[in-house]
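Peer 1: The chain contents come next:
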Amino acid sequence: MSGGTQLENANPVIFQRSGERLLTASDEDEEVHDPIDDREIFDLIRSINDPEHPLSLEELNVVEQVRVKVNDTESTVDIEFTPTIPHCSMATLIGLSIKVKLLRSLPDRFKIDVHITPGTHASEEAVNKQLADKERVAAALENSSLLEVVNQCLSTRSI
Amino acid sequence: MAADSALLLSLVEEFVSGLQDSKAKDTATGVKDGQFTVLQLVEALGLSLMSSQPHTRARGVKLLSEVLHECYGNLTEAEVEVLIAFYENRLKDHYVITPPVLQGLRALTKCTVLPPGSAVSMLRSLFQDVHVQSLMLAERSCVYNMLINLMETREAELKGLGTDFVFGFVQSMDGERDPRNLLLAFQIAKNIIHRGYDLGKFAEELFEVTSCYFPIDFTPPANDPHGITKEELIEELRAVLTGTPKFAEFLLPLIIEKLDSDVQSAKQDSLQTLTACVSQYEHKDLAEFLEGLWASLRREVFQTSSEKIESAGLTALTALTSCLSRSVLSSDSEDSLSTFLDMVLEDCKHHLSELDLKLVWPSAKLLQAACSASNRASHIITAAVMPSLIEQYSSRTQCSHRRTLLEVVLRFIQSVKTSQASENEERVFSAFRESLCSMVFSALTETNTSLQITATSMLTSLAQQPGLLLDSDIELALDHLTRLLLTEEDDGVSLAVVKCAGALAELHPAAFITKLIPRLKTEEASEQHSHHAVRQRCLSALAAVSTQPSVVWESTPVLLEVLGSAHTGSVCFSVEEVVLACRSLQRIAERVQDTEETGQCFHEIIIPRLLSLALQAALQGEGSSGRSPLVEEVVLSAMVPVISTACSRLQPTLAGQTASRAVSLFLDGDVSFLPDNSFPSQIQLLKQQGDSWSQSQMVCLLIGCVCSLPRSVEVPQIDQLLSQLEEMSCTCSHPLSYTSAAKCFAGLVNKRSEGDSLHSLIQSTMKKVCRELHSTSSPVRTQAFTLLIWVSKALLLRYHPLSIVLTDKLFSLLDDADLGPMAADGFSMLMSDSADVLNRGCHADVRIMYRQRFFSENSAKLVQGFNAAPQEKKPNYLKALSNIVNKLPKQVQVTELPALLSLLLEALSCPDQGVQLSTLSCLEPVLIDPPPALIQQLEALVSRLLALICSPTMTVRIASLHCIHALSRFPEHEILPFRARVLRALARPLDDKKRLVRSEAVQARAEWFLLGSPGGR
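Those protein sequences? They're chains A and B, same order as listed.
Read in order, the letters of the first sequence are residues 1 to 159 in our numbering.
Read in order, the letters of the second sequence are residues 1 to 1017 in our numbering.
I should point out that these hints are in silico values taken from the structure, not numbers from a laboratory.
For glycine and all other residues, C-beta sits at the position ideal for the given N, C-alpha and C.
There could be a bad hint or two in this list.
As the list claims (entries may be wrong) - Under 7 Å between C-beta atoms, here's a sample of chain A residues computed to sit facing chain B:
| # | residue |
| --- | --- |
| 1 | N11 |
| 2 | P12 |
| 3 | I14 |
| 4 | P107 |
| 5 | Q152 |
Stated by the list, open to error - Below, a list of computed lysine to aspartate or glutamate pairs in the EDC-like style, where the Cα atoms sit at most 16 Å apart:
| # | chain 1 | residue 1 | chain 2 | residue 2 |
| --- | --- | --- | --- | --- |
| 6 | B | K515 | B | E554 |
| 7 | B | K258 | B | D217 |
| 8 | A | K111 | B | D991 |
| 9 | B | K993 | A | E31 |
| 10 | B | K25 | B | E14 |
| 11 | B | K190 | B | E204 |
| 12 | B | K993 | A | D34 |
| 13 | B | K246 | B | D198 |
| 14 | B | K993 | A | E30 |
| 15 | B | K190 | B | E232 |
| 16 | B | K993 | A | D113 |
| 17 | B | K873 | B | D818 |
| 18 | B | K767 | B | E727 |
| 19 | B | K887 | A | E125 |
| 20 | A | K69 | A | E28 |
| 21 | B | K993 | A | D78 |
| 22 | B | K993 | A | E40 |
| 23 | B | K284 | B | E334 |
| 24 | B | K993 | A | D29 |
| 25 | B | K521 | B | E554 |
| 26 | A | K129 | A | D78 |
| 27 | B | K190 | B | E152 |
| 28 | B | K874 | B | D912 |
| 29 | B | K809 | B | E872 |
| 30 | B | K190 | B | E235 |
| 31 | B | K32 | B | E70 |
| 32 | A | K134 | A | D113 |
| 33 | B | K246 | B | E204 |
| 34 | B | K201 | B | E235 |
| 35 | B | K993 | A | D72 |
Sequences and hints are given; from them, build the entire structure.
Peer 2: Written out as structure tokens, the structure is:
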């Protein structure tokens, strides 16, 4: 981040990070089957980096655990995300990052639906449409500069 | 003489026209040996020096210069004078002659007999006749070396040259590009600045020629033979740029400009340079740049993308503020510190009331950085921010807000350096003492755990501000802590409370003795309310507060009381609580100061009491009903470290007394030193009576008494003790008893002085052990094996020559039908540190790098044994190997890996899960920085690891996924071919039934996806 550039939202509201998921005895038990649950999906996406700030989507409250719905038996995932400001130009990019992260991290039996929390963004419908369109997502990932930004959001932060 | 001059002529001839460079050396040897003088050499050179061919003249001068280079020490002042005149003159000659002339001059600058004035004349002609930057690399280096030499010996003369010297140097280094020469040039510049040469009007020029390299961007070529690093250049250049306040007006704008850079290292270098330079500056040097500097620093912290830059920025701000604080105020000038801090406060303060927003923390950090700079800055900043923070704390109701406020205040308290405030000055926080205390106490009564935890750290920090808290505050604090100790259920809070109590007890022992300890004592003794968690917290609190000797005298009786009542059964304690009591005693022994007072407490009271309780419990026997918890193995094993810690670190003389008492107790049944003395007279602890093990197992307490003494302390009756221990370890049938006896034996053998008695002792033990091991029907083979392995360890640690005999025996046992797997596991014990005996903490004789030595001496045997062993025994060898390799330091693992790689890969496909796991754990660290041998075997490695991710055992799946994750950091071109295959294989564990496996797979797969993808790696 160079000195000259100005950020769209320089002083956003920060939310606390939730702690690591606590290990339970059944997690270590070979015999027990752990189903994929909301928290597990949330853990996958909460550490995605914001494209603008050195902060995670969780810290900016873009993603919340209550807005993550998973059904392991029916293999569906449904995620709503909330851009920090209604005119955020990064909304599509954030949605795309979430989608790509899940595509890479979930078994392919899952149907993944990522969309904006209703009423939180000016061009909500257009963004949702783009994210739902398989072809357009695939085409976006063919674009190397777009893929580069997505990968940066998904790489573990180096300090 | 004639022969000599003929020889000299021929040498000169061969060098000059024959172009044989080696002749220079011969000539120099001749001069050094006194065969011929320099004068004769010059005469002999006459013709070549006067030749019309510049190349011949150059050869001639070169010979002279090389000889001088060897023999400059033997020259007389007159000779030097002539030579200098000659060389100065030659500088005006043809350009091919310049290089040897410079070499000659460099040799002359090293002469101790340099005539006065010659340094100046030499430099004048150098600066006048030579354009340094059009010379070759080596000649430029020659010039710099001349300057360095002269600066060392002729400082006064050079200073006489005045600004001409600086100007000459600036001209010579202007445009230098080679890092080797730059290091020399920076050194000269540094000398000019630090030794007070007159810069005159050339300060700016000197700054220009050096600052053009800032910030340094240099990557040494691969296989660089000169070993110059970027850091070295940065350090040297920084020393030049920051050396004098005269550069301030040039350097500060440069720093502001470079801070705008996009390159992280440039930012960091600029910030560090700023930190370094302000230590030399005064406020007037800074005055006109303060605004610009602050704007840059603020931007770096507010919009930072890396913690390194942030912390460098904060350090720079601290340095800047402390520079301003140093300035002496005069009546007419404005106070630059308060002007600057006003600026900081104006930009940061208002963010402290927007507690949800991102800039709270960066603002707080900036203010704290400024606050920590000086006492005056602390006063100004705290006066400005504290009232608002305190006010907000009482007006805000949300827990998260209050916590943020509390943490911000905590950091402010921590940022104020306690040492700065001198006696008579007002303490920084004294004006806020009351409100801060009420803030802490109200937070301690909250129900929110994170608030309580932060409040305990704040209480600690307040207490550590000398003279801030009043006695009444401490008492109130103690009430709160006690209440939390007894009632608070949350683990995190109790841990924080215990830690806080420990810190406070160090500062206010008296309050703890009178208030907290009696309260805890009644709590421990009371039957009704105390349930397990409360007792547990009280026990750990007792350990935490006992750092001062006076507290130890009060707290340890409470702990002993717990053990006593547990034994008699007057108060019901669980085994776990008894163990905790022992742990607390151990912690006290570890942390308390080693004074006469504490030594007495442990050696005269605690240890005899422990032994006595254990003996009483043992004599009661192991009958299942109503047996004392003190015969349990876990309790005894927890008592051992109490005794051994006390013996190893408290009062060696008293420890020796404890040891001799313990020996007479175990050998002769002498119970006279034990309290509550009502023991029977016939006690034989080192003999097993029938099947009863309660007495024989007490031998583990003997380990604590005799094995951890400093090596200067003698153990009495040692031969008899050793023979009884040996006997016991080979005959006893109770595992704890024979293992402890073997450990005790080994611990004593390790410290025994070298000599015949030790030698014969080992021989006889060895004979006995071998006899048992050879008869396959012997009932005590396991016992013999245990003794063997402990004695091997004792000898291995001290590099005893006989250790090899014992370890060879262990290797041969890998083929044994019954003991093979045990022997393989034994190597893990051999290579790791054991907790209770044979470690450095108990003063054992442990040589450095014994593991490497053992490995390098034995790895070949292991490989050989593996190849020769029948199929069903091979896993034992693989397990032994992975056990050994696992414990080696990483550097050794990496160098040894090539030889063992095929064996380790074999181990990965071995069906035994233990072998798989331990091999995976030894591969893992190696994968972080893979040696070339591993990269060659990548195909084999990848396919074996991928096979393991479907293992039925969860831990194996996790470990193999971890290794596959580590593989993604290998050089990209090597692993890219595997990308598609790995990604496909990793799709399966994404649907694993265990969550831990899935999360490991997700991480690994994410990294492999980034590989070779834009924006990835």
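Peer 1: All the hints need checking, so say for each whether the structure fits it.
Peer 2: Results for each hint:
For N11(A), the interface hint holds, the least distance from its beta-carbon to any beta-carbon of chain B being 5 Å, beneath 7 Å. Checking P12(A) against chain B: minimum C-beta separation of about 5 Å stays under 7 Å; hint holds. A distance limit of 7 Å between C-beta atoms decides the matter here; for I14(A) the minimum to chain B is near 5 Å, and the interface restraint holds. Interface hint at P107(A): satisfied, since its Cβ lies 4 Å from the closest Cβ of chain B, which is below the 7 Å cut-off.
Because the smallest distance between the Cβ of Q152(A) and any Cβ of chain B comes to about 5 Å, under 7 Å, the interface hint for this residue holds. For a cut-off of 16 Å, the pair hint linking K515(B) to E554(B) stands: about 11 Å separates their Cα positions. For the proposed pair K258(B) and D217(B), the alpha carbon gap of about 13 Å is at most 16 Å, so the pair holds. Between the alpha carbons of K111(A) and D991(B) the distance comes to roughly 14 Å, so the proposed pair stays at or under 16 Å and holds.
As the CA atoms of K993(B) and E31(A) are separated by approximately 9 Å, the hinted pair is consistent with the 16 Å bound. With a C-alpha separation of about 12 Å, the suggested pair K25(B) and E14(B) falls inside the 16 Å cut-off, and the hint holds. Restraint check: the Cα-Cα separation between K190(B) and E204(B) comes to about 15 Å, which is no more than 16 Å; the hinted pair holds. For the given pair, K993(B) sits about 6 Å from D34(A) by alpha-carbon distance, which is consistent with the 16 Å threshold.
Distance hint between K246(B) and D198(B) is fulfilled; the C-alpha atoms sit about 11 Å from each other, no more than 16 Å. Note on K993(B) and E30(A): the hinted pairing holds, with a Cα-Cα distance of about 9 Å set against a maximum of 16 Å. Restraint check for K190(B) and E232(B): the C-alpha separation of about 14 Å stays at or below 16 Å, so the hint holds. Note on K993(B) and D113(A): the hinted pairing is violated, with a Cα-Cα distance of about 23 Å set against a maximum of 16 Å.
Taken as a hint, the K873(B) and D818(B) pair is honoured in the structure, with Cα atoms around 11 Å apart against an allowance of 16 Å. A C-alpha spacing of about 13 Å is found between K767(B) and E727(B), which places the hinted pair at or below 16 Å, so the restraint holds. A threshold of 16 Å between alpha carbons decides the hint, and for K887(B) with E125(A) the separation of about 59 Å lies outside it, so the pair is violated. For the suggested pair K69(A) and E28(A), the alpha carbons sit about 25 Å apart, so the restraint of at most 16 Å is broken.
Restraint check for K993(B) and D78(A): the C-alpha separation of about 21 Å exceeds 16 Å, so the hint is violated. A distance of roughly 13 Å separates the Cα atoms of K993(B) and E40(A); the hinted pair therefore holds under the 16 Å criterion. Distance restraint check for K284(B) and E334(B): the Cα-Cα separation of roughly 11 Å lies within the 16 Å cut-off, and the hinted pair is therefore satisfied. A hinted pair counts as satisfied when its Cα atoms are at most 16 Å apart, and K993(B) with D29(A) qualifies at roughly 11 Å.
Proposed proximity of K521(B) and E554(B) is supported: the alpha carbons are some 10 Å apart, at most 16 Å. At roughly 15 Å between alpha-carbon atoms, K129(A) and D78(A) fall within 16 Å of each other, so this suggested pair holds. With a C-alpha separation of about 13 Å, the suggested pairing of K190(B) with E152(B) holds against the 16 Å cut-off. For the given pair, K874(B) sits about 11 Å from D912(B) by alpha-carbon distance, which is consistent with the 16 Å threshold.
Simply put, K809(B) and E872(B) have alpha-carbon atoms about 20 Å apart, too far for the 16 Å limit, and the pair is violated. Using a Cα cut-off of 16 Å, the hinted pair K190(B) and E235(B) holds, with the two alpha carbons roughly 11 Å apart. Taking the CA atoms of K32(B) and E70(B), the gap is about 8 Å. The hint holds against a cut of 16 Å. This hinted pair checks out: K134(A) and D113(A) have alpha carbons roughly 11 Å apart, not beyond 16 Å.
A distance of roughly 9 Å separates the Cα atoms of K246(B) and E204(B); the hinted pair therefore holds under the 16 Å criterion. Between K201(B) and E235(B) the alpha-carbon distance is near 26 Å, which puts this suggested pair outside the 16 Å criterion. The suggested pairing of K993(B) with D72(A) holds, with an alpha-carbon distance near 12 Å, which does not exceed 16 Å.
In summary, the numbered hints that this structure violates are 16, 19, 20, 21, 29 and 34.
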